[in-house]
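Q: Produce the complete structure using the sequences and hints provided.
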Amino acid sequence: MKKSTIYDRNLKLRKEVSASSFYFLFSEIIQYSIRQDIHDLEKQLEELGIPLGARFLELIILREKGSKKETTIVNMLMLIKNNLWPLMFNKNNCVVEQHMDQENIYMIKEIEPNMCNQFASLPRGQCHMNCASFIAGIIEGLLTAAKFPAKVTAVFDDGEEAKAEEGEEKRTVYLIKFEDEVLVREAKSKKF
Amino acid sequence: MHYNFFIVNKIGLLIYERKFPGCAQLDSSDLIRFGATLSALHLLSAVVTPSGLKKSGLKIISSKFFKLCCFQSPTGVKFCLVSDSNTTDMEKLCKKAYQYYSDYVLKNPFYELDQQIRFEGFDREIEKLFAIKQ
Numbered sequence: 001m002k003k004s005t006i007y008d009r010n011l012k013l014r015k016e017v018s019a020s021s022f023y024f025l026f027s028e029i030i031q032y033s034i035r036q037d038i039h040d041l042e043k044q045l046e047e048l049g050i051p052l053g054a055r056f057l058e059l060i061i062l063r064e065k066g067s068k069k070e071t072t073i074v075n076m077l078m079l080i081k082n083n084l085w086p087l088m089f090n091k092n093n094c095v096v097e098q099h100m101d102q103e104n105i106y107m108i109k110e111i112e113p114n115m116c117n118q119f120a121s122l123p124r125g126q127c128h129m130n131c132a133s134f135i136a137g138i139i140e141g142l143l144t145a146a147k148f149p150a151k152v153t154a155v156f157d158d159g160e161e162a163k164a165e166e167g168e169e170k171r172t173v174y175l176i177k178f179e180d181e182v183l184v185r186e187a188k189s190k191k192f
Numbered sequence: 001m002h003y004n005f006f007i008v009n010k011i012g013l014l015i016y017e018r019k020f021p022g023c024a025q026l027d028s029s030d031l032i033r034f035g036a037t038l039s040a041l042h043l044l045s046a047v048v049t050p051s052g053l054k055k056s057g058l059k060i061i062s063s064k065f066f067k068l069c070c071f072q073s074p075t076g077v078k079f080c081l082v083s084d085s086n087t088t089d090m091e092k093l094c095k096k097a098y099q100y101y102s103d104y105v106l107k108n109p110f111y112e113l114d115q116q117i118r119f120e121g122f123d124r125e126i127e128k129l130f131a132i133k134q
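Quick note, the sequences are listed as chains A and B, same order. Take 1 as the starting number for the first sequence in the UniProt record's numbering and just add one per residue. Take 1 as the starting number for the second sequence in the UniProt record's numbering and just add one per residue.
The set of hints was computed from the structure by calculation and includes no laboratory data.
Sample of chain A residues at the chain B side, in silico, Cβ under 7 Å:
1. Y23
2. S27
3. I30
4. Q31
5. F119
6. A120
Each computed BS3-like pair below joins lysine-lysine, with the alpha-carbon atoms no more than 30 Å apart:
7. K109(A) to K128(B)
8. K64(B) to K128(B)
9. K67(B) to K54(B)
10. K170(A) to K107(B)
11. K107(B) to K81(A)
12. K170(A) to K96(B)
13. K43(A) to K107(B)
14. K109(A) to K107(B)
15. K91(A) to K107(B)
16. K128(B) to K91(A)
17. K91(A) to K96(B)
18. K96(B) to K15(A)
19. K81(A) to K191(A)
20. K128(B) to K170(A)
21. K170(A) to K95(B)
22. K19(B) to K170(A)
23. K107(B) to K15(A)
Residues from chain A that keep clear of chain B, each with C-beta distances beyond 10 Å, as calculated:
24. S4
25. S18
26. Q36
27. H39
28. L59
29. N83
30. K91
31. N92
32. M100
33. E103
34. M107
35. K177
36. E186
The beta-carbon is built from N, C-alpha and C at its ideal position, and this holds for glycine as well.
A: In structure tokens:
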């Protein structure tokens, strides 16, 4: 009778964590950051997310991409949309768009309000800090580790579609601003 | 038809109150007194229940004009709903409100324990909960 050891199990684990444990842990992370420095909450959350992004990249490429590298901006963003989002949230509910005027800014828009902001609402009357900066940090870490240096910020969606749902929570838009070297590289590779 | 909804913390302070349309507004000193009286009554009723019966504390006060239902969580937080006398299922509503409390209030990093609850998300869910049942 051969007992199955941990080495026999499939590498591709699909474990789910309860949402409540995430919320409690995240709430404590925010409280810790506030104690450190109340005005820089978003920046601290981003800095926490950056190392996570690098690790996510390794995990996704190993598990799902068969260790192949992505070289174009569009493919990289598709990797984020199709692989990172289901890995983090178990749902594929975001839209990738390019900014109308500026070539180097891309946007990832959420379809539903995201879990970081769901229960973390400031008391009425205080300015809105976006706790999804944590996820913006993860995206930034992932892009930087994949050699697409960029700056990612999380802002609330103030567009026309968002106004229709006054009473609901606001959705977040992640603005991804790529550095010039990425665009130069893209242009050069398109020439061939 | 619901008149009022209150949340009283374990030391007797009123931490949340909600008035529904059709009810007169109580002034703030009345509200504070209400919170303290309710928690005192709840404790006393547990003490004076005859021995042999389960001591659970005040649950329902019903009269010709109103019905008051009080649900106490295992942590001592009391959820109290005041409606008219022919409302049923009040305890279920209070339990649902307890669920929303544990979500929108306790998981909120900006909430200090045992303080007043002033959050949009919680207000919105409570409104939705009691509006549907009317």
